Amino acid sequence: MENPVLIFGAGSLGLTALDIFQRNGVVVYGLLDDDKNVHGKEFGDVSVLGETDDDGFLKLIGQKCEAFVALDDTRVRKKLVKMLNDRRHIQPVNAIHDTATVSTLANIGHGNLIAARVVVNPFAEIGQHCIIQSGAVIDSQAKLGDYVHIGTGSFINSGATVEEGAFIGTGVTVVAGVTIGKNARIGAGSVVIESVASGTTVFGNPAQKVG
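For the sequence shown, position 177 (counting from the first letter as 1) is numbered 177 according to the UniProt record's numbering, and the numbering increases by one without interruption.
Simulated from the structure, these hints should not be mistaken for laboratory data.
Be careful, since some hints might not be right.
To be verified - Calculated pairs, EDC-like style, for lysine to aspartate or glutamate (alpha carbon to alpha carbon, straight line, at most 20 Å): (1) K78 with E51; (2) K82 with E42; (3) K36 with D53; (4) K36 with D55; (5) K59 with D72; (6) K82 with E164; (7) K82 with D54; (8) K41 with D54; (9) K79 with D55; (10) K82 with D146; (11) K182 with E163; (12) K78 with D35; (13) K79 with D53.
This structure is a prediction, so every number in the text was calculated from the model and none was measured.
Model the full structure from these sequences, guided by the hints.
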């Protein structure tokens, strides 16, 4: 990536993205965050410059600067991505850690965070604006929709499908061929052996519906 990048979000996810870009030799122009308490704060040699809707900085995005949205809250992330699409006519770039192993045969969209030691195997499909935390494995022919969160050390087996907005906690195993429905939530450490309906929360080994 030739252009510097502006990161939206100065929380833990933003700092993870900062580390990823710097490890890859990408210049980070700065961080933007709506929490005024962190404005002016420095992380190494990178500062929190202002709010996420600051026109002065947004005007840089496009020919001179790339953008990355690093916020845990999916609703806020969607709002910022839409704003970047509509006002700056760009898609956020991917942040892929240098220790991640991503097959050249995998299909990956825009704006994804792929953290340290993640493995993405051949013919896996990853949508847009997903967060894949450290050590997760996305096996061959598994499919992730947009805005999916995969927790640290989770294993999405071959042929499994995780639909848009689903949240997979830390250390989850999703067995081969299972479908996790849109906006479903899977509790940490769960083993999912059958498909989960949209909007459902499950937990346990084997995973059972909660509430």
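Comparing the hints with the structure gives:
For the proposed pair K78 and E51, the alpha carbon gap of about 16 Å is at most 20 Å, so the pair holds. For the given pair, K82 sits about 28 Å from E42 by alpha-carbon distance, which is inconsistent with the 20 Å threshold. Restraint check for K36 and D53: satisfied, since their Cα atoms lie roughly 13 Å apart, inside the 20 Å limit. With a C-alpha separation of about 16 Å, the suggested pair K36 and D55 falls inside the 20 Å cut-off, and the hint holds.
At roughly 24 Å between alpha-carbon atoms, K59 and D72 are farther apart than 20 Å, so this suggested pair is violated. Of the pairs offered as hints, the one joining K82 and E164 holds, with about 16 Å between alpha carbons and a cut-off of 20 Å not exceeded. With a C-alpha separation of about 15 Å, the suggested pair K82 and D54 falls inside the 20 Å cut-off, and the hint holds. With a C-alpha separation of about 17 Å, the suggested pairing of K41 with D54 holds against the 20 Å cut-off.
For a cut-off of 20 Å, the pair hint linking K79 to D55 stands: about 16 Å separates their Cα positions. Of the pairs offered as hints, the one joining K82 and D146 holds, with about 13 Å between alpha carbons and a cut-off of 20 Å not exceeded. Of the pairs offered as hints, the one joining K182 and E163 holds, with about 5 Å between alpha carbons and a cut-off of 20 Å not exceeded. Of the pairs offered as hints, the one joining K78 and D35 holds, with about 18 Å between alpha carbons and a cut-off of 20 Å not exceeded.
Simply put, K79 and D53 have alpha-carbon atoms about 11 Å apart, close enough for the 20 Å limit, and the pair holds.
In terms of the numbered hints stated before, the structure departs from hints 2, 5, listed from lowest to highest.
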